[in-house]
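Student: Sequence:
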Amino acid sequence: MKTEILIDIDKKSLKEFYERYIFVQKYLKFKLLGYEIAETKKGYHVRLIVDLPYEYSDKDIVLLQLLLGDDWKRATINYFRVIHNLDDWNVLFRKKYRIFKAGNLFKLASKEKCIGCLHGDVS
25 MKTEILIDID KKSLKEFYER YIFVQKYLKF KLLGYEIAET KKGYHVRLIV DLPYEYSDKD
85 IVLLQLLLGD DWKRATINYF RVIHNLDDWN VLFRKKYRIF KAGNLFKLAS KEKCIGCLHG
145 DVS
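Quick note on my numbering: the sequence shown kicks off at 25 and runs consecutively.
Just to be clear, a hint being listed does not mean it is correct.
[Said to hold, decoys possible] Calculated pairs, SDA-like style, for lysine to any residue (alpha carbon to alpha carbon, straight line, at most 25 Å): (1) Lys50 to Ile107; (2) Lys83 to Tyr51; (3) Lys97 to Leu87; (4) Lys26 to Thr100; (5) Lys39 to Tyr51; (6) Lys26 to Lys66; (7) Lys26 to Ile61; (8) Lys83 to Leu57; (9) Lys35 to Ser81; (10) Lys65 to Ile29; (11) Lys53 to Lys66; (12) Lys39 to Asn109; (13) Lys36 to Ile107; (14) Lys36 to Leu87; (15) Lys66 to Tyr45; (16) Lys39 to Leu92; (17) Lys53 to Ile73; (18) Lys55 to His108; (19) Lys26 to Lys65; (20) Lys97 to Ile73; (21) Lys35 to Gln49; (22) Lys26 to Leu92.
[To be verified] Label pairs and their computed distance ranges (CB to CB): (23) Val115 to Ser81: 17 to 27 Å; (24) Asn109 to Lys36: 12 to 22 Å; (25) Lys36 to Glu79: 13 to 23 Å.
No wet-lab data here; the hints were simulated from the structure.
The model shown is predicted, which means the values in this text are computed figures rather than measured ones.
A virtual CB, placed ideally from N, CA and C, is assigned to each residue, including glycine.
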């Protein structure tokens, strides 16, 4: 089953992610179909398109993302969204904005910079 895995890594090294990926993939046997790695202000956003060997629940996806190194605060919020049946629970922003109360001004706080891609289709 084709699935998108989204991981927010809050450190400026991908070494631990690669180690986690190899270990987790060894046991869960998913196939990588595509990926995108984008640098952020604090670390990286990783988008994986994988073919899972069986159907995973949304809770399983939250756990898989956490095992692969997803930020634990993001994983907690995603888990909350899943158990409360919220749509669009798995979000990674490409751009973040700060909004100022004095008027309608807003400022770009951070954005991704793509550093590596191998595109796969989720549909």
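Student: Does the structure break any of the earlier hints, and which numbers would those be?
Tutor: 1, 6, 9, 11, 12, 13, 18, 19, 24 and 25
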